[in-house]
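A.B. asks: So the protein lines, in turn, are chains X and V. Mapping of the first sequence onto UniProt numbering: position 43 corresponds to residue 43, and the numbering continues sequentially without gaps. Mapping of the second sequence onto UniProt numbering: position 301 corresponds to residue 301, and the numbering continues sequentially without gaps.
Honestly, the hints are just simulated from the structure, not real lab data. Ideal Cβ placement from N, Cα and C applies to all residues, glycine included. No false leads were slipped in.
If you want the footprint, here are the derived chain X segments under chain V, 3+ residues with CB under 8 Å:
1) 56 to 64
2) 76 to 88
3) 128 to 135
Number of protein chains: 2
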Amino acid sequence: MSRRELHLNINILNSGFYASAWRAPASDPSAFVDVNHYVRNARIAERGKFDAVFLADTPVFAERPEYRPYQALEPTIILATVAAHTRHIGLIGTASTSFNDPYNIARRFATLDLASNGRVGWNIVTTADSAAARNFGLDGVVAHRERYERAAEFADVVVKLWDSWEDGALVGDKATGRFVDIGRVHPIDHEGAHFKVRGPLNVPRSRQGRPVLVQAGGSGDGRDLAARHAEAIFSVARTQEEGIAFAADVRARARSLGRTGPIAFLPGLSTLIGATEEDARRREEELWELFPVEYGLARIAGLLQIDPARLSFDAPLPDDVAPPKDGGHTFSGATIELARREKLTVRQLLHRLGTGTGHRLLVGTPETIADDIEAWFLSGAADGFNLMPDVLPEGLEVFVDHVVPLLQRKGIFRTEYRGETLRDHLGLPRPATGWETASEAVEA
Amino acid sequence: MSRRELHLNINILNSGFYASAWRAPASDPSAFVDVNHYVRNARIAERGKFDAVFLADTPVFAERPEYRPYQALEPTIILATVAAHTRHIGLIGTASTSFNDPYNIARRFATLDLASNGRVGWNIVTTADSAAARNFGLDGVVAHRERYERAAEFADVVVKLWDSWEDGALVGDKATGRFVDIGRVHPIDHEGAHFKVRGPLNVPRSRQGRPVLVQAGGSGDGRDLAARHAEAIFSVARTQEEGIAFAADVRARARSLGRTGPIAFLPGLSTLIGATEEDARRREEELWELFPVEYGLARIAGLLQIDPARLSFDAPLPDDVAPPKDGGHTFSGATIELARREKLTVRQLLHRLGTGTGHRLLVGTPETIADDIEAWFLSGAADGFNLMPDVLPEGLEVFVDHVVPLLQRKGIFRTEYRGETLRDHLGLPRPATGWETASEAVEA
Numbered sequence: 001m002s003r004r005e006l007h008l009n010i011n012i013l014n015s016g017f018y019a020s021a022w023r024a025p026a027s028d029p030s031a032f033v034d035v036n037h038y039v040r041n042a043r044i045a046e047r048g049k050f051d052a053v054f055l056a057d058t059p060v061f062a063e064r065p066e067y068r069p070y071q072a073l074e075p076t077i078i079l080a081t082v083a084a085h086t087r088h089i090g091l092i093g094t095a096s097t098s099f100n101d102p103y104n105i106a107r108r109f110a111t112l113d114l115a116s117n118g119r120v121g122w123n124i125v126t127t128a129d130s131a132a133a134r135n136f137g138l139d140g141v142v143a144h145r146e147r148y149e150r151a152a153e154f155a156d157v158v159v160k161l162w163d164s165w166e167d168g169a170l171v172g173d174k175a176t177g178r179f180v181d182i183g184r185v186h187p188i189d190h191e192g193a194h195f196k197v198r199g200p201l202n203v204p205r206s207r208q209g210r211p212v213l214v215q216a217g218g219s220g221d222g223r224d225l226a227a228r229h230a231e232a233i234f235s236v237a238r239t240q241e242e243g244i245a246f247a248a249d250v251r252a253r254a255r256s257l258g259r260t261g262p263i264a265f266l267p268g269l270s271t272l273i274g275a276t277e278e279d280a281r282r283r284e285e286e287l288w289e290l291f292p293v294e295y296g297l298a299r300i301a302g303l304l305q306i307d308p309a310r311l312s313f314d315a316p317l318p319d320d321v322a323p324p325k326d327g328g329h330t331f332s333g334a335t336i337e338l339a340r341r342e343k344l345t346v347r348q349l350l351h352r353l354g355t356g357t358g359h360r361l362l363v364g365t366p367e368t369i370a371d372d373i374e375a376w377f378l379s380g381a382a383d384g385f386n387l388m389p390d391v392l393p394e395g396l397e398v399f400v401d402h403v404v405p406l407l408q409r410k411g412i413f414r415t416e417y418r419g420e421t422l423r424d425h426l427g428l429p430r431p432a433t434g435w436e437t438a439s440e441a442v443e444a
Numbered sequence: 001m002s003r004r005e006l007h008l009n010i011n012i013l014n015s016g017f018y019a020s021a022w023r024a025p026a027s028d029p030s031a032f033v034d035v036n037h038y039v040r041n042a043r044i045a046e047r048g049k050f051d052a053v054f055l056a057d058t059p060v061f062a063e064r065p066e067y068r069p070y071q072a073l074e075p076t077i078i079l080a081t082v083a084a085h086t087r088h089i090g091l092i093g094t095a096s097t098s099f100n101d102p103y104n105i106a107r108r109f110a111t112l113d114l115a116s117n118g119r120v121g122w123n124i125v126t127t128a129d130s131a132a133a134r135n136f137g138l139d140g141v142v143a144h145r146e147r148y149e150r151a152a153e154f155a156d157v158v159v160k161l162w163d164s165w166e167d168g169a170l171v172g173d174k175a176t177g178r179f180v181d182i183g184r185v186h187p188i189d190h191e192g193a194h195f196k197v198r199g200p201l202n203v204p205r206s207r208q209g210r211p212v213l214v215q216a217g218g219s220g221d222g223r224d225l226a227a228r229h230a231e232a233i234f235s236v237a238r239t240q241e242e243g244i245a246f247a248a249d250v251r252a253r254a255r256s257l258g259r260t261g262p263i264a265f266l267p268g269l270s271t272l273i274g275a276t277e278e279d280a281r282r283r284e285e286e287l288w289e290l291f292p293v294e295y296g297l298a299r300i301a302g303l304l305q306i307d308p309a310r311l312s313f314d315a316p317l318p319d320d321v322a323p324p325k326d327g328g329h330t331f332s333g334a335t336i337e338l339a340r341r342e343k344l345t346v347r348q349l350l351h352r353l354g355t356g357t358g359h360r361l362l363v364g365t366p367e368t369i370a371d372d373i374e375a376w377f378l379s380g381a382a383d384g385f386n387l388m389p390d391v392l393p394e395g396l397e398v399f400v401d402h403v404v405p406l407l408q409r410k411g412i413f414r415t416e417y418r419g420e421t422l423r424d425h426l427g428l429p430r431p432a433t434g435w436e437t438a439s440e441a442v443e444a
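Use the sequences and the hints to build the structure in full.
C.D. replies: So, in structure tokens, the structure goes:
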């Protein structure tokens, strides 16, 4: 087995994870609807030898668009554009299993995988957003368990479609006129509780076989979905203990399902970097100054599913606040725990989260950040990180120019891409289709 | 009103419209799954000042993939790639209203429209293909009328979503921290027979306002859909009389619905060009020699929905063959009529269709082809053409280098792009959202 290696994704959250990033001096407020912004960041990340670009998604007009940008553009279109402007970096896009058909998702990601020469990953989400549900004929969010049952079957169907072509089924022999060997392209004839799909897919496999399956979401159902399908996981871990426990739990669930392949655990990591500690703190205060406090209250209230009127900036969270039992967001529990553990007021909590996503936030110098990443990597709390710089592209540029060289010097991060596909970057094998033996038997 | 001008789209049908195009000496059999093939053709067409690239689509493994390529890659991913490699040419992609959700289609095409700076069109189809239906939980094709009712409502919803943002709703004022003026972004609250969609869309309008609506399909229901929504129509016309009558009929239907804007009629046109007539004929015979006859029988039988065993190469079509009443293909009737009118055997019919799509085929020199195009344009039988060269890219290159200059010399085709958007190319106005007056009233 080859040496373990750190993995880094850049999560291009519009102008940056900090809610006021769009107001920073160098930011373009329209960046969130400009594909060139995504291309620019992807190219910087590729210069830094990152594994992949990561794009989140919710098919809805954002919660509080008065105050800040959000994921507006459809991710696969952005990634196709990024693919055209890059050569190596992986391309991971989110698509919801609640508001799509498996045939369309399988085909679109397979097309993108061919277009990028095997650099694609699909981040599977179920979308716990009732406003999004109302864009798709529903009155609200479907129950958590049912969403995840649908997601598991959805992913099963997508994988079966991706594997419906054997390698070599595309013959294209001009001399004989034989184009496709249809004996090596297999209908899937799937019939389940949620989907009935005949197949086969209409595109052949890519250089990496099929897109990498990525999962985000840490509930019990989410962990089961990850255990069943995920090859990389965008997780939440605020302490090394949390990271270690989460990975152990998902790995145990995967083993119990008979899965043996590798899984990369990539917790979210927000960064705010300065040349000195003082510099970093000053940068943080500048962004905090630009942060609209009304947005902060609304965001915390939305996360916890309570009335914003129940929150006050200079008081702690109300005692009776608890993570919503069903349909809750991945970050609800972690946010409450952080507030309680460190006895934070709402204002301190917002400041501590960097107004951000609920992922861990590191404020510091390139050295402290590289040391922290190394410690997490060596302890097994993370195989790498889904990186969310404060402001884009500048926060990413600083990371690439000043943190990446330190990680390379520590010998834990690549100095050159050694493969072409996302599977190559992540150290994942090219999967078999499951049809190989059948055809060999027929041919024998 | 400005002078009427010819419009040309390049319909990139994998290796070319001729069924054996992939076997031609210069062809790459894998071109149909290679985005670079699409990019290459788009760039040639852009050099020729074409209005747009056009991509057909059916979400299914093709009818006879043993013999020939088909539309495999998902069109919007191809078009995003093409957008990244071109500056002016329009990008028209087909997506089915039977196997998608309006919110997803509205958002994906709006994203592509932003990514390409306003060069996108959506070709609305209902997909009369029972194998495709079986990839989406159905047992077969839904009845013609119902498909078109769904399509009309689907397009209504998509347009409402595209128009849910007023121009100027994206404020992005760093000084005040005001990001989106949500008073100028409107939920659509659509509730109809097929869809319930709250909206608004989550992306602002593009430079051209919204994507151009394109329609293909000539049945009565198809004409009604075109009359209601289409700004450009990919039609079938084998004679000028047919073209003139079709345009008059659709324009009359549009007027009766109160529509006043322009509609561009662009019949399909297959071309097979030689330096001399003899050259063109030789080229035709070479492609015919490479054509697998089994495929031809199967294709005609499929089109007419009859048992292939009922067809014989050297006999005419059976007397009792008639266009299928429901769920039939646009070309069924035209194909039967051609065979009867010219008393063709099945072999002659295939040869005459150039083994192709059922659209009109011109075999000749650049001069005869340019003269033909001019005659159709001047008589009003066509506002332009959806061009399908025999072999790609060579058939397109010959057209661009030898036919386009003749059309320019005749003064009917542009020598430079004069605008940036697809609407500019097609002479279509940038549409209003319908919200303008409301906001002005509120502001007054």
